Amino acid sequence: MTYAKVKISANLLLESGLHIGGSSAYAAIGAVDSPVIKDPVTHLPIIPGSSLKGKIRALLSKTDYNHNTSSDLGNDSDEISRLFGNSKNADYKLGRLVFRDAFLTNKEDLDAKGVHSYTEVKFENTIDRITAEANPRQIERAIRTSEFGFEVIYEITDKSIDQVSEDVAILRDGIRLLEMDYLGGSGSRGYGKVAFKDLKAETVYGDYDAAAISALLGEEV
Amino acid sequence: MKHSYRQFQMDVVALAPIHIGSGEKYTSREFIYENKNYYFPDMGKFYQEMIRLGLAEKYERFLIEPKNKKKRLNDFLYQNGIQMRNFGGYVLEETGFEKTESTRGTLNDISKFIRDGLGQPYVPGSSLKGAIRTILMNTKWKNKDFVDRKGRKPKEYKSAIPWGQKKGQALNDIFHDIRVSDSQPLENDNLTIVQKWDYSLTPKKDKVTPIPLYRESLKPFTRLQFTITTTSDKAYELISELATYASQFYQEYKSFFLNEKSKEEYIQDNIQYPIYLGGGSGVWTKTVMRQANGIVQKRYVKMKTKMVGKGVVKLTKAPQFNEDKRLIKNQDSLYEMGKSYFTIKEIE
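In the order they appear, the protein sequences are chains S and Y. Using the numbering used here, the letters of the first sequence map in sequence onto residues 1 to 221. Using the numbering used here, the letters of the second sequence map in sequence onto residues 222 to 569.
FYI, nobody ran anything at the bench for these hints, they're computed from the structure. Possibly wrong hints are sitting among the right ones.
Okay, the calculated beta carbon distance ranges per label pair [claimed, not checked]: (1) Pro136(S) <-> Pro433(Y): 14 to 24 Å; (2) Ala112(S) <-> Gly244(Y): 24 to 34 Å; (3) Lys388(Y) <-> Lys62(S): 18 to 28 Å; (4) Tyr205(S) <-> Pro406(Y): 53 to 63 Å; (5) Asn543(Y) <-> Ser70(S): 56 to 66 Å; (6) Gly149(S) <-> Gly275(Y): 39 to 49 Å; (7) Gly149(S) <-> Gly244(Y): 28 to 38 Å.
Selected chain Y positions facing chain S (in silico; Cβ < 7 Å) [to be verified]: (8) Gly244; (9) Lys246; (10) Ser249; (11) Gln300; (12) Ser347; (13) Val368; (14) His397; (15) Val401; (16) Asp403; (17) Val504; (18) Val509.
Predicted model only: the values in this text are computed from it and were never measured. Here a beta-carbon is modelled for each residue, glycine too, at the ideal position from N, C-alpha and C.
Use the sequences and the hints to build the structure in full.
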């Protein structure tokens with residue numbers, strides 16, 4: 001019986017400020033009205049696994065890997081469902097991928113660069129194109145050049161062993177798509193440009209040679 | 222893998238000072254003027270040094286006491302014989318146009334340029350995108366009615382161009398399909414301090430007036446690089462034709478405002494395709510001008526500064542930063558605030 005867990009990891013580098021919204025339940029007047037989500041212990045910005053998983057799935061669902069044109073995720077193709085899960089499909093109730101929250105990894109480097117804070121506050125405004133009145137807002141962003149530890153656990157079983165290279169290729173394409181798209185909010189105006197550096201795979205449980213997966217991940221599209 | 226993402230490289234070059242504000246200002250207590258330079262210390266570091274020198278309390282008193290109201294950071298340093306300048310921060314060279322000879326360096330507030338988390342100035346994608354949107358709304362969609370007259374006062378009808386999700390309908394949001402990146406990070410060397418000058422041309426008056434408003438701005442010739450990604454065919458088409466729309470917009474702006482309100486010598490020639498970026502470029506570069514005309518003016522009726530006709534031309538003074546290339550046609554060093562040009566090409 002084959003049962004293995006392969007850890008696929010990378011350095012997720014922010015090439016522009018990133019805004020993944022947190023709760024704005026309490027915002028003082030004049031203070032940031034849309035804060036980013038942070039680790040409650042360290043107060044450092046994080047990238048929740050749900051944001052990564054959701055965005056990558058949404059991007060992949062627009063490609064040829066999927067044929068689902070309805071709004072119901074339950075109709076997603078087998079290729080997508082088996083990786084991300086499908087609550088309506090008995091075979092793929094649980095997906096093969098586990099996305100981890102990504103934490104800030106280069107705090108020291110940022111400190112050395114002399115940053116004051118790991119998030120910046122960007123002032124923006126809406127100009128009414130008829131009255132020319134400005135309506136300002138403040139948005140918090142995790143700063144450019146921050147790095148986060150991206151980590152996905154991929155599960156290999158007897159059932160999936162023949163599909164490994166296909167699965168990894170899909171995930172890799174999802175990652176490439178994400179680099180062309182944006183992560184988090186307000187991406188159409190520059191936020192959330194990300195790059196994945198040093199994508200690699202290693203077997204963390206069971207007996208499986210992850211070298212082929214690593215090679216596949218490093219391959220340019 | 223198939224996708225419909227197509228990318229453009231858009232380069233914007235400043236033809237005049239460009240100011241993108243961060244929403245904050247330096248007060249007269251936050252910079253030091255000396256040796257023809259403006260030094261903007263890192264005020265956190267400055268305060269720490271004051272603590273180290275045992276001057277923290279004195280500094281606090283300096284800030285609070287009413288009799289010091291007119292005093293600047295220079296005065297505090299002088300009074301206490303502080304020679305050191307290792308407070309971090311950065312230096313901008315004066316241009317010589319800030320004030321008259323005798324009042325040099327006595328600026329009050331200076332609007333800050335936007336900076337990223339590493340402290341480097343940059344131009345956000347949101348600023349460029351807003352400018353692109355204004356161009357498109359004045360050309361491509363100029364026949365649409367953008368005025369919402371339902372409320373007490375007319376305002377922009379924001380749904381004239383569909384955006385956002387509508388329940389039960391496919392997403393139709395053309396400006397979500399146009400993604401404008403932030404510019405590359407810039408250096409402090411790209412910045413200079415410029416003052417606002419208003420030019421008013423009325424039957425009775427023909428003069429340029431300095432306004433006590435100073436802005437950290439990009440120097441002319443600064444090149445900004447942006448990537449625009451389009452994710453639908455319609456968006457791709459719009460961006461492919463952006464250059465044509467920009468030229469149309471400029472023609473419209475010129476006949477609507479510049480020709481009427483400005484002296485020929487204050488209008489700068491275009492290079493490539495014109496675009497106005499950032500603060501201080503005037504309302505007509507920010508609105509759907511023909512539809513806003515009349516409504517904008519009403520806002521100022523009750524204020525001290527009434528807007529006469531279409532208002533004044535917004536200019537600024539800056540030196541010639543390049544000996545070989547003259548960007549202006551007047552002898553008074555007056556530039557059109559925010560004026561720039563762009564080139565755009567698709568990248569494979």
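Status of each hint after checking the structure:
1. Pro136(S) <-> Pro433(Y): 14 to 24 Å: 22 Å, holds
2. Ala112(S) <-> Gly244(Y): 24 to 34 Å: Because 28 Å falls inside the window, the suggested range holds.
3. Lys388(Y) <-> Lys62(S): 18 to 28 Å: 21 Å, holds
4. Tyr205(S) <-> Pro406(Y): 53 to 63 Å: 42 Å, violated
5. Asn543(Y) <-> Ser70(S): 56 to 66 Å: 58 Å, holds
6. Gly149(S) <-> Gly275(Y): 39 to 49 Å: 44 Å, holds
7. Gly149(S) <-> Gly244(Y): 28 to 38 Å: 33 Å, holds
8. Gly244: 3 Å, holds
9. Lys246: 12 Å, violated
10. Ser249: This hint is violated: Ser249(Y) lies away from chain S, its Cβ roughly 22 Å from the closest one there, beyond 7 Å.
11. Gln300: 29 Å, violated
12. Ser347: 4 Å, holds
13. Val368: It holds, given that the least Cβ distance between Val368(Y) and chain S is near 5 Å, below 7 Å.
14. His397: 5 Å, holds
15. Val401: 6 Å, holds
16. Asp403: Nearest chain S Cβ about 4 Å off; hint holds.
17. Val504: Because about 4 Å separates Val504(Y) from the closest Cβ in chain S, which is inside the 7 Å limit, the hint holds.
18. Val509: 5 Å, holds
Of the hints listed earlier, those the structure fails to meet are numbers 4, 9, 10, 11, in rising order.
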